[in-house]
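**Student:** Whenever a hint applies, use it, and build me the whole structure from the sequences.
There are 2 protein chains.
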Amino acid sequence: MSGEEGGLRLTLGEVYDTSRAILLEHGFAERHAAAISRTIRAAEGDECHHHGLFRLPFYVNALKAGQASPDAEPTLSRPAPGLVRIDAHFGFIPLALEQGAEPLAELAASQGIAALAVNNAHNVGPLWPEVERLAGRGLVAFAFTSATATVAPWGGTRPLFGTNPMAFGWPRPEGPPLVFDQASSASARGEIQIRLRDGRTLPEGWAIGPDGRPTSDPATALAGAQLPFGGPKGSSIALMIELLAGPLIGDVLSFEAGERDKAGTGAPCGGELVLALDPARLAPGGDRGAPLRHGEKLFERILAQEGTRLPSARRYAARARTAREGIAIPPGLRDTLRGLGAAL
Amino acid sequence: MSGEEGGLRLTLGEVYDTSRAILLEHGFAERHAAAISRTIRAAEGDECHHHGLFRLPFYVNALKAGQASPDAEPTLSRPAPGLVRIDAHFGFIPLALEQGAEPLAELAASQGIAALAVNNAHNVGPLWPEVERLAGRGLVAFAFTSATATVAPWGGTRPLFGTNPMAFGWPRPEGPPLVFDQASSASARGEIQIRLRDGRTLPEGWAIGPDGRPTSDPATALAGAQLPFGGPKGSSIALMIELLAGPLIGDVLSFEAGERDKAGTGAPCGGELVLALDPARLAPGGDRGAPLRHGEKLFERILAQEGTRLPSARRYAARARTAREGIAIPPGLRDTLRGLGAAL
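Chains as they are written, first to last, in this note's numbering: chain P, 18 to 361; chain G, 18 to 361.
No lab work stands behind these hints, which were simulated from the structure alone. Possibly wrong hints are sitting among the right ones.
Identical copies go unnamed one by one, so any copy, or any two together, can satisfy a pair.
[To be verified] Lysine to aspartate or glutamate pairs mimicking DMTMM-like chemistry, simulated, CA-CA at most 20 Å apart: (1) 314 / 278; (2) 314 / 276; (3) 81 / 276; (4) 279 / 47; (5) 314 / 273; (6) 314 / 342; (7) 81 / 42; (8) 81 / 278; (9) 314 / 191.
Just so you know, these numbers come straight off a predicted model, no measurement behind them.
**Tutor:** Here's what the structure looks like:
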């Protein structure tokens with residue numbers, strides 16, 4: 018830990034320790050505090066700050082409000098040969114996802130394709146850790162989740178969809194997998210919250226105000242509605258994710274998750290669907306070497322065009338940098354963490 | 018059949034008969050001619066004209082060039098408990114997809130989730146018929162396919178991805194399913210081809226010319242590159258579909274399909290991945306009534322906002338209209354069909 022222009026700098030180990038200490042202090046059971054802190058460390062390591070330490074108040078507030086369980090043990094069931102279900106019993110999702118990865122990966126390897134449905138889980142983290150974990154085992158993976166209603170459907174003016182991210186992971190023969198994790202809204206909600214905190218405006222196309230008209234003001238946007246990315250096609254993807262992470266697996270729609278968050282903690286509780294496919298079963302030949310080498314040909318051609326990059330490149334560059342240099346904690350965040358009891 | 022301002026009007030039965038007669042005349046086996054003509058009739062019925070009769074020269078040219086098989090019988094294999102593979106042996110895909118629907122649906126019902134990989138199939142049709150077919154059986158379905166390289170990756174300037182559509186289908190308790198079928202390019206290629214034919218310009222954001230700069234001219238766009246929809250996020254989806262419909266299932270990437278189309282027929286040969294999930298297995302309770310009724314709550318809320326519509330609404334409205342009124346054949350298309358031997 019070191020001081021820096023009114024803020025300070027933490028190693029990723031210190032990020033983990035700080036997060037875990039705060040969560041334990043506020044009543045989380047050890048297993049949950051550790052799993053959540055691994056997610057926060059991963060997010061800070063990849064410079065996804067809006068899923069990192071910035072989120073600690075959301076975790077704590079959901080507990081204080083009596084909405085999230087501090088210690089629920091996830092329970093696993095197997096409703097069909099290709100399916101695993103984990104009921105998180107209103108705990109936060111990182112522990113459930115860690116527990117589901119192994120059974121899901123085994124099923125995908127034996128069945129060719131398999132799905133994990135996680136129910137009743139509070140979730141304010143990124144999706145990429147679970148698809149990266151599966152892709153790191155040689156599997157192709159998808160994840161879908163919804164959230165509180167904050168995004169207007171295309172053509173409409175009032176929030177109905179969550180920011181509804183989907184993530185996709187593809188294993189690579191060398192190095193970490195190719196992964197993307199993208200909101201089906203024009204921006205992540207956390208990006209608007211961070212611009213509000215930092216006094217910055219929003220780009221065109223991100224949001225409309227409560228009057229249904231375009232706005233560049235973060236506060237007006239948060240009171241109004243975010244917009245889907247890519248017009249009607251992005252709106253269709255948001256709609257699809259509502260159905261996959263909600264009704265399909267017997268969980269809530271975004272607007273229902275929002276109604277259930279009576280305390281307004283911003284830590285919605287709902288479902289997540291994770292799919293895994295095994296290239297060794299799907300591609301003829303019975304091993305995953307050929308399909309993965311084939312994928313590399315595409316990546317080479319993308320990178321041969323000036324101005325392109327692969328979806329996860331920026332995060333992996335950040336990961337290498339933060340492993341050496343740690344991360345900067347701005348003064349506002351330091352004060353928040355101190356307010357939660359951190360000795361910073 | 019009736020005359021109309023230099024063109025003419027056909028019933029959907031006549032669309033089918035015309036298509037089938039042309040395909041038989043040019044050497045297609047009966048089973049292929051019938052399956053392709055069912056697809057063409059469905060496309061015209063939903064006013065997806067760029068997948069309808071407009072495509073007949075593509076089918077015929079692929080045969081004339083010796084690239085597509087007129088009579089290959091698709092063969093089915095089962096590489097894993099959750100997977101079905103159909104090798105189309107260089108025939109056109111409609112017959113393979115019709116044959117794969119039943120085995121895929123059965124697997125999804127027993128396993129909870131299943132995948133169909135179709136290999137070595139020529140494909141110039143829409144994707145929605147296969148997801149609609151599965152959703153009509155109560156399943157949630159996805160389809161992904163790639164094509165000839167025509168779309169630049171985000172940040173780049175040269176074609177690499179196909180227009181790479183994905184389709185999604187969700188069953189509804191009453192009436193036809195909710196379905197979308199959307200290119201991951203800003204427009205379908207057929208839409209540009211039809212604007213070229215009709216002498217119309219392109220909207221902003223659809224394409225760049227061979228010089229890498231934006232263009233509104235259809236001919237310049239077809240010589241240059243189409244753009245992904247929704248910027249980097251649409252580009253990520255195009256990339257994902259390349260991997261799913263190609264390397265994952267042991268088939269080609271778009272640029273490879275293009276290289277293989279030596280005669281430049283525009284009827285690429287490659288793979289398609291179809292996924293099916295059974296809500297009756299994924300949602301607790303063991304029946305699909307509850308998840309489907311739950312989905313309706315979302316659709317009601319979407320439609321309660323003025324200015325919105327459900328993704329498939331326009332196609333279904335067209336379907337009702339064309340069933341009564343048939344479709345108009347413009348003079349240029351009539352001449353093309355006559356050139357192929359149709360008695361119109």
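**Student:** Of the hints given before, which are not true for this structure?
**Tutor:** 4, 6
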